[in-house]
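For the record, in the sequence shown the residue sitting at position 65 is 65 according to the working numbering, with numbers rising by one throughout.
Mixed in with the good hints, there may be bad ones.
[Claimed, not checked] Using 25 Å as the maximum straight-line C-alpha spacing, the simulated BS3-like pairs for lysine-lysine come out as follows:
(1) K2 - K52
(2) K2 - K28
(3) K28 - K94
(4) K52 - K7
The hints are simulated quantities; they were obtained by calculation from the structure and are not laboratory data.
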Amino acid sequence: MKKEYVKLVKLIDNVYEEENEEMINRWKRNVINSEVENGYCIDVRFDDIIVKEFNNNELDCVCVDVYDFMGSIGEDERFYIKNVLVYEDNEGNKWIENREDLFEF
Numbered sequence: 001m002k003k004e005y006v007k008l009v010k011l012i013d014n015v016y017e018e019e020n021e022e023m024i025n026r027w028k029r030n031v032i033n034s035e036v037e038n039g040y041c042i043d044v045r046f047d048d049i050i051v052k053e054f055n056n057n058e059l060d061c062v063c064v065d066v067y068d069f070m071g072s073i074g075e076d077e078r079f080y081i082k083n084v085l086v087y088e089d090n091e092g093n094k095w096i097e098n099r100e101d102l103f104e105f
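Can you build the whole structure from these sequences, using the hints too?
See below:
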């Protein structure tokens, strides 16, 4: 039976292409200063999150930290550990199971 999974991306790489260099550098500096540069988050760089169906035997469970983040205009984002199981496909992409409460803190 297939289930839906949502793609993750390294926090440090979670930047929009249309953002200017200053905004990108600010994001990366905040990720590094918060000591979460090895963490992952839901890939929100595009208009929609990336969802894909997998059978259980197509994914392996891996141990990586996943974070939610929140910030206000003029302040750095704050990062919050997300308690989820993370899976890896055969291409090295990281995924979490798609759930209704995916974006709740």
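Verification of the supplied hints:
1. Distance restraint check for K2 and K52: the Cα-Cα separation of roughly 10 Å lies within the 25 Å cut-off, and the hinted pair is therefore satisfied.
2. With a C-alpha separation of about 35 Å, the suggested pairing of K2 with K28 is violated against the 25 Å cut-off.
3. About 20 Å separates the Cα atoms of K28 and K94, which keeps this hinted pair within 25 Å; it holds.
4. Between K52 and K7, the direct Cα distance comes to roughly 8 Å. Compliance with the 25 Å bound is thereby established for this hinted pair.
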